[in-house]
Each structure stands twice: as structure tokens, then as C-alpha cells.
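Chains as they are written, first to last, in the numbering used here: chain A, 35 to 327; chain B, 259 to 573; chain C, 572 to 911.
No wet-lab data here; the hints were simulated from the structure.
Here are some chain C residues the structure puts well away from chain A; computed CB gaps all over 10 Å: (1) 618; (2) 622; (3) 766.
One side of the interface only, derived from the structure: several residues of chain A facing chain C at Cβ under 10 Å: (4) 171; (5) 174; (6) 181; (7) 261; (8) 267; (9) 299; (10) 302.
Between beta-carbon pairs, the in silico distance windows are: (11) C/594 x A/226: 35 to 43 Å; (12) A/77 x C/658: 50 to 58 Å; (13) C/776 x A/75: 47 to 55 Å; (14) C/601 x A/300: 39 to 47 Å; (15) A/161 x C/900: 14 to 22 Å; (16) A/207 x B/330: 52 to 60 Å; (17) B/450 x A/223: 41 to 49 Å; (18) B/276 x C/704: 16 to 24 Å; (19) C/626 x A/82: 51 to 59 Å; (20) A/161 x C/626: 33 to 41 Å; (21) B/528 x C/582: 52 to 60 Å; (22) A/161 x B/450: 48 to 56 Å.
Heads up, the beta-carbon is just placed ideally off N, CA and C, and yes, glycines get one too.
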Amino acid sequence: MRLPKGFAEWGLVVGTALVAMFTALALVGEALVGQRAVSNIVVVDGKVYEVPPLLPPGSSLTIGGREFAFIMGTDQLGRDVFARVVGGARFVLTVAFLSTVISAVVGTILGLLSGYIGGLFDRALSLVMDSMYAFPGLILAIAIAALLGVGVLNISLAIAVVYIPSYYRMVRGVVLSLKSAPFVEAAVVAGASSWSIVTRHILPNVVPQIVSLLPVSFADAIITEAGLTFLGLGIEPPTPDWGFDLNKGRQFFLAGYWWIGVFPGLMIILSVLGFLLVGESLNELLNPRKVEA
Amino acid sequence: MSLLRVQDLWVRYRTRRGVVEALSGVSLSVEEGEVLGVVGESGSGKSTLGLAIIRLLPGSAEVRGSVLLNGKDLMSLPEEELRRIRGREVSMVFQDPYSSLNPVMRIGDHFVELMMEHGAAATREEALEIAGELLERLGVPRSRLNDYPHQLSGGQRQRVAIGLALALKPRLVIADEITTALDALVERQIIDLVKEIKREYKTSMLFITHNMGLVAEVADRVAVLYAGRLAELGEVHEVVSNPLHPYTEALLRSVPRIGGSKDLKPIPGEPPDMRNPPPGCRFHPRCPLATDRCRRKEPPLVERGGRLVACHVRG
Amino acid sequence: MGLKEHILYRLALTPLMLLVLLTLVFVLMRVLPGDPITMLEGKNIPEDVLARRRAELGLDKPLHIQYLDYLYSVFVKLDLGVTALERIPVSYLIATRLPATVDLAIAASLVAIAIGVAMGLLSARYEESWFQQFARVYSSVVYSIPVFYLGLLLQVGLARPSGLPTTGRLNPVNMVTLDSLPVRTGFVLLDSLLNWRLDIAADYLAHMLLPALTLGIYLSGIFTRVTYLSVGEAMVQDYTRAARARGIREWRVVTRYGFRNALIPLLTMAGLQVAALLGGAVLTETTFNWEGLGLLVYEGVLKRDYAIVQGAVTIYALIVALVSLVVDIAYSLVDPRVRY
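Bound conformation, chain A alone (with noise of 0.2 Å):
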């Protein structure tokens, strides 16, 4: 083993630690922290007790004898801000999944047939897509997500639904290109039925393509799920959820109580930067650009 050298070996090593810590945190998080991240009631030896609200990081508090650290302060209602953040990841990287995984789906089945059956159906859908490509895609998730209301499924779909577009045109892509390539039309006239084509030819160029895009993909979930949240939608509280947060926090930030924004924003930016390496160094490392004099 010997050390990463350059940028895009060190992205790789940086970005897989990054997701490793938020898929570990997205598992477990929530229930290590339990109670705490959802209200800031504290029961000891069976008494009751209210965490104050708005304590500064690094805190500590004697309650009922028992000593309790806020390394990141509580929020406005006395819940622990690092509670929140961490049971965060729960919500945060399951609808990120869920959303990559139904639109990278359905996105490259619709790709796969787009391309395959050609024809009228092809023009009509990829002219539905190329409109949906367009448009911008936070606003298309609000309005989706405005309708259908909160949950985890409600606000995976609504992201779902703005990169399916990107999945068809890949696909669609790859799947046209193949069309007339020697192999598949020799496969073709040696009478193979569509779908092994599909399946033995088509699919395995089409694959890796489709993993390339997938962390990045996850990334841009990740952003959109803390857009749609930061405007109120798709989330209940007291669920804790970093762009929920960040908007509750915005409200205390000019008056000084930066903790309660500021650190979820930051676990934002570093889960998404994760997944932006991975997916960027992966791209490098298998495909790489540089062309020696």
C-alpha cells in the first residue's frame, strides 16, 4: 500500500472516509443519541428536568447529579444541538437514497426503451425529458413536494422526479450509440431476442456509466433534500433534519446564537463533499483526461 498521489487519488481516500463516518452516522446515529435530538426533557434517577434552551457549545450542565456536555450547544427549545446533528443523518441520507435509487431507475428504464424502440416514442419522451432537464429542478421538487405532502417517501419522490432526466439522457445515450455498433447488429442477425440483447449487450456498457453518475447524483439529493426542508416542506418536526435546522437557526443567528445553524450546515457540506469526491475521483481515476506531449 503505498500513499495517495494527487488530487484525485487523495479525493477518493477523503471522499470514501467522508461517506463511510455519514453512512455509519445515517445507521446508528439516530439511535445512539436517541431522546435527546427530539426534546429536551432529561430524566435522571426518575426525575424530570428541562434543558435550558440556547446554551453556547461547549457547555456542561450537573443535572440530578449526573454531568451532561453540550459540545455544540442546544437550540432554542433546550434541545442538543450535536444530537440533532448527528440523528440528522437518519433522514437526511435515507431520502437521498431512496430518491437516487428511484431515479436512477426509472430513469434508465425509460432510457433503455427510449432508445431501443426509437421511433415517434422516442422523439415524444426525450422532448419530455429534455423540458424536464430544463426547468429548473428545485422548483419543480417544491411543487411536487408541496403537494404531496411530508414523509420520507413523499420528499424522495419529489427529488426522484428532477434526476430522472439525467439518468434517460445517459442511458438513451449510451443505448443509441451501441444501436449500430458490430456487435449488437451481429447479435441480431444471429436471431437474439431483444431482451438478452438488452440484457447481455446493452446493459453491462450501460452500467458503469450509470455508477459513475451515482455519487454525484447522491450529492445533488443531498442539496435538494436541504432546500426543500430550509422552505418547510416534506419534514415533520421535531424529526431533526440539517436544513430544517438551518432555517430555524437563521432566525437566532443575527442575534448571536450562531451554534444552531451553523453546525448543521456544515455537516451538509461535508456529507455532500464526500460523495462529490468519490464520484469526481472514481470519474478520474477510470477515465482519465490528461494527455502527455
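Given the coordinates of chain A, assemble chains B and C onto it according to the supplied hints.
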């Protein structure tokens, strides 16, 4: 005094995977009014030679040695003076006609830009007038001045490139594989054009190619490069009819000629990896005459019957 | 196909795209689950009131009639309905809000272009890899920062020390004055200049500075990446090297050979950039309380006002179709291979 005198030129590139020595101490000269052919395989360093003379190597290249144009050392000139010499005293025609013209500029604009930059024309109209005449003489209709490069054929684009190289009547034109990207018929037309230019304008030329046959037609003298070093240099007819260096011999054998021997032999082996060239004579792994001395010691360039050759056996 | 034919061809294609977009909006609004009335007034609404409201909005008619009604009202009557509570015509509301977003969009674009051009010039000047690293780090980091977070940081980082305003378009006094000015175009900057109220203009610009910077930097994330890549690409092409071989001065090589050719791939991204601009504007306007179209969308969502959201989305569809047309025409002007 020679028009161009290259002395002990060394060029090294820093790449991701090591240092490549493209030219290792090459010296040659071009006289007034003569065409010097430079022949070699890919990787021999011939293109690097052309770019080095005009100082257009990428930033990762390290150059040592001197290049004297009319006594002036181009290697030590400041950038601004060098810029004035380019296009005016020495110019270059590149290999790929499909990518050497600016796709968003009309043909006429290429000429106007060139002439106004160097003060060869005072107005746009004047420049276009001169350009039109030049193109007609090169076999391109004057109306093409209004077109964009993509509207012209490859052969026409190459003629335009030649026109741009000749427009300011330079002393030396460097032609870097100018027919390699063209098909046989168009290549023939361009070669004939080159011969005509040589007759009419008496411009000196550095004619770089991998095709020995073309060199025999166009050049007065020929320099044979192998793996960054000069193998042989002499009068073209003598070298072609009586090659001394084994590599030159091999090159000649691999060129098909009508009426010639049917015994075509490709050169065995491959060009060396320039990050790690073979010791001694760089051709020794592929040379049928290689001796132990060839493997150990680099052969010096010696004079043999009016020619220069670098070979332990033949020199 | 000459230039004229090409423009006509694109002009013919635009209504088609517009139709597709509007159909999409319609499908979105009517076919998705989620009843707009119950969204607004809650689930416990009595049956007869529900029926009356639905009739008001035309939701009781068959779907295809609704579709035709929708198209008719958008194109012919230019009517986008009325807001649920105050009964204000949505088109009026949008007309008053749109200029603010246009101003913000232009200002943000200028910021993004300035940063992008700077990156492009640096990329042309420095072939070496250190710059490439820097540019990539810059675009990756900026891409990862949510635009509202950036806005927040700028509010705290720049506004507090310098005293720049952080919300709204004008201070309250000027807002009132604005309404009483004799010459009105709807664009605050124009109005204040036409009426020779330079103080109002200055106030407006002061308020616009932070939102424009925020949105502009956000845009520059992707924009700089495309710029430095395409300029860098153009600078290593054969035609650039050939120009240098002819002794053309470096400045001209950078502009005429580098930037000019980079314009082509940049334009293909232009449509996406505008989409990102519009989306980012919603978040930026919300952060800075900038009274534009984006903030209107947020308010519509907050109040669960169906008509506002639908109206706004319709307008966005129109804008996208228009921008698409403009970009396409610009593309045919920039790339001669398209025209000839």
C-alpha cells in the same frame, strides 16, 4: 554562414512517469535556398526538433543547446523578439489540417490577423488582396477567403496553412509531416505544390517526415534521426542510393517503390522507450550488424565520403 | 441552412417545448395525489364547502376540459387565477415581484461571470497543474455549500461588520416613497434613476449586494469549472499553437483562440445555468427576504396557496422556454459550423 544552425540540441520532457529524453545532442544546418529533409519513425524526435527551433515546446520541456538563425541564437532571445521572428522569418506548417485553423475565424481573417500583426499590411482590404493572390497561386479560389475552415476540404486547408506560412516571405519554413494526414491523391498535390514553391520562391525548408520516398523527391540533403540522435546526414541522392547507417538502409527497404525490389522488409523490433533508451548505440537491439562495441559505447558522428554517419561498423 | 432559416426553425420549435412544459405543470398540479383544497383549509372541511371550493377552482370539470381551460387562461386571458385568501390576481402579484428577481439574477450573473472569466484567464495563463488543483478545489467546495448557508455566512461575516442591510430591498421609508414616484416601470433601479432619486438607487444597490454575491458565488461553483475546463482545452489545441507559431501576440491568442472557442461549450451549459439561477434565487430570496418571484414561491408554499404555486411554476415554464430559444440562437451565432 548557414541560414539555420542547430548545435548540440538536447530536449527533455518531464512526464508523470519519468523523464523522456526526446533529443540527445543533435546538430545540423540548413543553407540558404535548400531543403533539408528530416526522417525518422514516431518517437525519433523529429517533431520535437521542429517545435524546439521555433520554441513552441510545452512548459514541461527542458531545452539545451543553441539554434542560430542567421547568426542570432533563438534560444536566448526574449519572448517579444521571438514573437516577431515567428511567422516573419521562420514559420511552421503543422500535420493536421483539420485542427490547425481557428474554427471560429474566417480564412481571410487568419491572413488579416497575421499581416496586421506583423505590419505587412496597413488595412484589412490590403491584407485580403495579398491573401487572395497568394491563395490563387496555391490553387485555392479567392472566394474561399470568406469561408470558415470547416467548409474547406483537408487539402484546401493545408494549402491555406502553407499560404499562412509563406505570406510574410520567411527565410525558413518548417514543414512538420504536412502530408501525413492527407490521402494519397491530395498528398501528391501538396508535394507537387511544395516542389513548385521551392522552385519559385527559393525558400529554405526543414521538411520533417517519416516517408523516405517523399524526402527523395523534395529534399536536397537529408538527416536521418533515430531515438533522438542523428544517424546519418548527407546529400539526398547519395544517401538514398548508397545508405551507410543500417537504420537508413532498413528505412529504404521498407518503402515500396514501383519497379523496385519486391523484397519489402519491415524493420524488426520496436522503437525504444525514450524514458530508458538502450545503452551505447540506440539502434543496436534492432541492428543486424550490431557488435559488442555497439552495445557499450555510443558511436560518434564521423565524416565518411562527404556525409556524416554515426555507426561503429560503417563509420 | 443559413442563420435566418435556423432562427425560424428554432422559433417554430419553442411553442412545442412550451406546450410540453405547461402540460407537465398541469399534470403535476392536477394528477398528483394531494387535494389542493384540503391542503389549504385542512382535512375537516364540510362536504358542501369542499364542493363549492372545488367548483370555484374548476376542479369538478373533466380533466381534459381543465387542461384546455388552463392553456386558454394562460395564453389568451393571461390569467393565472387569484390568491386563496386575499383574492388578488396571481398575475398581478407575479408582475410586481418579477422585476426584483430579474435584477437579482442579472447582478448574480455578473458576479459569476466575473469570477468565471478570472478563472478562465488564469487557466489560460498557467498551464501548470497547481492552478488546476486550485480551480477544482474551489468548484467542489462552492458546489457543496448550500446557497442559503452561504447567504447566512455572508450576512454574519460581511453585514455585521460593515453595516450593510441584510433583508428586504429598501428601507421602509424608501419603500413608501417608491410607490408615490411619478414615473414607474416596476424596476426599482430604473424607477429611482428616472425620477432622479439617487439615494433610493443607492439604498437598493446596498440591499442587493449581499444577495447578489451569495447567488453569484453559488453559481460560480459550476460555472468556473466549465470555464476553466473549456478555456484550458482550447488553449492546448493545434490552432492555438499554430497561431503562436505565426507570432500572434499572446493576448489575442487567449481571447480570439482560447475564450472565443470556449464560448461554444459554455453556451451549451447556459440553459442549465439559468435553471440553477432560478432555483438558487428561491433560496436566496428567502434567506434575505428579497421580495422577488422566489420569495413568492416560498410564501405560496408556506400559506399552502395553490394558485400562487401554480402561477409561479407556469411563469417559470415560460421563462425556461424563452431562455432555451435565446440560448439556441446565441449558439448558432457563436458557432459557425451550425450556420454554414
